[in-house]
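Chain order of the listed sequences is A and B.
Using the UniProt record's numbering, the first residue of the first sequence is number 1, and each one after it goes up by one.
Using the UniProt record's numbering, the first residue of the second sequence is number 1, and each one after it goes up by one.
These are computed hints drawn from the structure, not numbers from a lab.
Among the hints, erroneous ones may be present.
Note: identical chains are not told apart, hence a pair may lie in one copy or across any two.
Calculated lysine-lysine pairs in the DSS-like style (CA-CA distance at most 27 angstroms, straight line) [what the hints assert, rightly or not]:
id, residue 1, residue 2
1, K62, K390
2, K151, K259
3, K254, K151
4, K151, K38
5, K526, K390
6, K356, K459
Every value quoted in this text rests on a predicted model; they were computed, and no experiment measured them.
Protein chains: 2
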Amino acid sequence: MTRERIYLFDTTLRDGAQTTGVDFSLDDKRAVAGLLDKLGIDYVEGGYPGANPLDTAFFSEKRTKNAKFTAFGMTKRAGRSASNDPGVAALLDAQADAICFVAKAWDYHVHVALEISLEDNLLGIRESVAAAREKGREVAVDCEHFFDGYKANPEYALACAKAAFDAGARWVVLCDTNGGTLPHEVAAIVAEVGKLVPGSHIGIHAHDDCGCAVANSLAAVEAGARQIQGTLNGLGERCGNANLVTLIGALKLKDGYAKRFDLGVTDETLSQLTHVSRQVDEILNRQPNRHAPFVGASAFATKAGIHASAVLKDPRTYEHVEPDVVGNVRKVLVSDQGGQSNVLSELKRLGFHLEKGDLRVSRLLDEVKRKESEGFAFEGADASFFVLVKRMLGEVPAFFEVERFSVNVERRYNAVGELVTASEAIVKVRVGDEVLISAAEGNGPVNALDVALRKDLGKYQDLIQDLELIDYKVRIYQGGSDAVTRVLIEFEDGAGDRWTTIGVSPNIIDASFQALTDSMIYKLLKSGASH
Amino acid sequence: MTRERIYLFDTTLRDGAQTTGVDFSLDDKRAVAGLLDKLGIDYVEGGYPGANPLDTAFFSEKRTKNAKFTAFGMTKRAGRSASNDPGVAALLDAQADAICFVAKAWDYHVHVALEISLEDNLLGIRESVAAAREKGREVAVDCEHFFDGYKANPEYALACAKAAFDAGARWVVLCDTNGGTLPHEVAAIVAEVGKLVPGSHIGIHAHDDCGCAVANSLAAVEAGARQIQGTLNGLGERCGNANLVTLIGALKLKDGYAKRFDLGVTDETLSQLTHVSRQVDEILNRQPNRHAPFVGASAFATKAGIHASAVLKDPRTYEHVEPDVVGNVRKVLVSDQGGQSNVLSELKRLGFHLEKGDLRVSRLLDEVKRKESEGFAFEGADASFFVLVKRMLGEVPAFFEVERFSVNVERRYNAVGELVTASEAIVKVRVGDEVLISAAEGNGPVNALDVALRKDLGKYQDLIQDLELIDYKVRIYQGGSDAVTRVLIEFEDGAGDRWTTIGVSPNIIDASFQALTDSMIYKLLKSGASH
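Here chain A stands alone, though its shape is the one from the complex (with noise of 0.2 angstroms):
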């Protein structure tokens, strides 16, 4: 049997952006944009150039490597020709391999949306996709609400379909826009598109409106289709797009695919899905699903009792697939049997030499499950856990210890009758013998009590000065029957290096203070400071 291609077609930072209370910065897209590249994902849709300034900004220069930098815009609007029309212009100006049109399928919102004739759409679809082909683009066409248009009027949605491919689309994209279509409909119809355009040149866009949003994205590769359009964590307006990690999983480890089709993702970088799951989410400072499929932290968690003991004793017989081949952990919630790998695995990523039957890693195992029952999450705090492991092992100097800090905000009127707030931190650190009293003021408490520690190191000044917090983010953690602030740091120093910290405390102001002196703790080892 011949293998066949199958390309991944990522919208996180397009569709996905229309997520729920989801904004991406520019440092974000670019951030997910090298995960997704990393990650061997064939195609990035950036965002919409010239629809707002900041995707505009981001197709500047091309971000990634490996994958095709993508653009995503509308056909051209009637009545201009493709060269006059401002939008297909900024596609063509931005830094892109790739340009998707999106394109109107339906007869309806052909009349009461765009109030054209349906012949002039056909037009706009053919004449857009050859300006960005004499430009050397390659093209997507995405042809939205496909299914409702081709259950309303077949014949137009061919027509459509049809149009975007000959005129050179290198993928026809049939989009389920409203979400509502259900898998067995998905089949009937790719298959019937697949007579007038090949299944290589076909691609699926499912949403998540009737939770088949993967089911339908399988159901169209079944049809013929071998593109695949989704969002990493099903991120998307109403129920998400399709959810390329679920998808990712499905395709690499289920028998059913795996053995007919590859992918951009190599069995190397499928170990990275469950990181890049929760970069992502970290990155957007949401709660992950601990439920998700594959990735999620509860993925492969069996609760105590009958279950647990066959699981161990065999786990092909309670597991579909293996959790590590993933990145992701086997959790019996009896025995740390699969913690001990994960730590190791952790130690090693970090740099440390221990050896398996070490009791220093089953001490570390312990403390870590401490911690984490008081609302720690080492994942995403990489230099928390290594000043961590490096305390067990006895490694971290006595640089400094803090014997006092106060911070104080006040907010009221000032001279002219203006209502003002200030901050302002007073710390009072022990560095060796000299005992160290500062004060600073700052445009909030983290920052006062920021300046504040790292005012007066003593000895130790010149290599905690050039330190700069770059993010800053708090969630609420229910960890038994009382809440905790948890609070993660990311810093940046003078040579560019970038680390987070971590801290949990109920007092929001306490749990900023560990993260930041763990901070420093991290640069004074990183710089080979002694003691």
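Given chain A, work out where chain B should sit, using these hints.
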């Protein structure tokens, strides 16, 4: 075409109890059973009597009026007769209309987990079913790991299914216990079973480890199955069971099913679907999934401006079903990407009656865009948007004015040499002619400020007393050149209403202060308090 009946079998209280972090109290079980009963679910599997005291107590009386109250347990152990098996005895003692036995159907499990012969396993199935039939109970048999069992040894799996049917089981339920079976495989295998057991007696029990539980359930129905097992909101261990809420929506509202099948759920009880889903999350103190199909807060929420005007023109163009039939709401989100249509629709939803063309609408839109450029995001902060509109309409009385606040966090050694952190706040607020000063301690600065702000609000004290801070989120937002902190706070009042407010400032305490006071004003407005 003759219509057929599909039976819904809910296992929220049994399989759903395996969810990480979920524990049902007896009261919780009563409440959920009542919700399921009223919704029109056919079978309510209440738990595993004999396995633990709570479940045994739950089966001391029948807990449903219309639904068949069902007890779960294992088939008899080998070497005993059914009448001498304590597990079976506990099931027969239970005040249940039906009994659901879980039986092995994978030869590997029979050998390795049970360590008995294949024939003894079949005997166990036959005798357990017979014992329950003899006592007048309706019987279902969950064939555990059926699909993996079928792939490994089809004859044996089919033999187990047939044994159950021949012994008098009303339902032979094919379970995808590991969740690793794909829809096309489910379809093929269910069809094979259908050659030995009538489809009218076949059930499907799917798990979501490949994101296909709903699709697998529908595929089984297409292949002839007529019972679907699942849980509310897709609860369950690992990635959860098939989501019955999603399935109810699809079966009642999608043509392909609505035209062929009847459920116990009527059009009238269907309108409770959203309420039932949210009540279950309330009972379990779980964060609702805002992206859940049909019932999620965002299931019918549109962000983009271009879509918004089309949706309002004709919802059919962008919605696959109407939200109100399931008790949900259309939300056109106010955001940077929106326009006048968005704002007007939001105003209507919140109870304001402004017309297109009203100058106040464009002033409001300008104000929203201005605040959004400062870092505000009203999308997830309805209550702050409400207050903003009221202010713009001049309808916010001068309830109170905070003239000053001071918040302090101090960490120092206490009298016994321990490092402790203490937070306190002082608030000076004017209410009418009164000036009130309050001080409070808290487990953190925001808590202290919240307590102090609501300690003494003069004549309004009763109205804001019962507010509770439920969730707290912080992000650094890179607005222009400067970073600001965006704080979202979710509150709940004594009536159980929940809302979210937002505050933005470089100073996290200041931002929290804005969100806190917005919430107090919202509550006062909601209560109809006047100046």
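Results of checking the hints against the structure:
In this homomeric assembly, K62 and K390 never come within 27 angstroms of each other (Cα to Cα): the closest approach is 40 angstroms inside a single copy and 45 angstroms across copies. Taking CA atoms no more than 27 angstroms apart as the test, K151 paired with K259 passes between copies only; the shortest distance there is 16 angstroms, against 34 angstroms inside one copy. Only between protomers do K254 and K151 lie at most 27 angstroms apart by alpha-carbon distance; the minimum there is 13 angstroms, versus 32 angstroms within a single protomer. With identical chains, the CA atoms of K151 and K38 are never at most 27 angstroms apart, being 39 angstroms at best within one copy and 36 angstroms at best between copies.
Proximity of K526 and K390 under a CA criterion of 27 angstroms is satisfied intra-copy only: 11 angstroms inside one chain copy versus 54 angstroms between copies. With identical chains, the CA atoms of K356 and K459 are never at most 27 angstroms apart, being 39 angstroms at best within one copy and 66 angstroms at best between copies.
Consistency with the previously given hints fails for numbers 1, 4, 6, ordered from lowest to highest.
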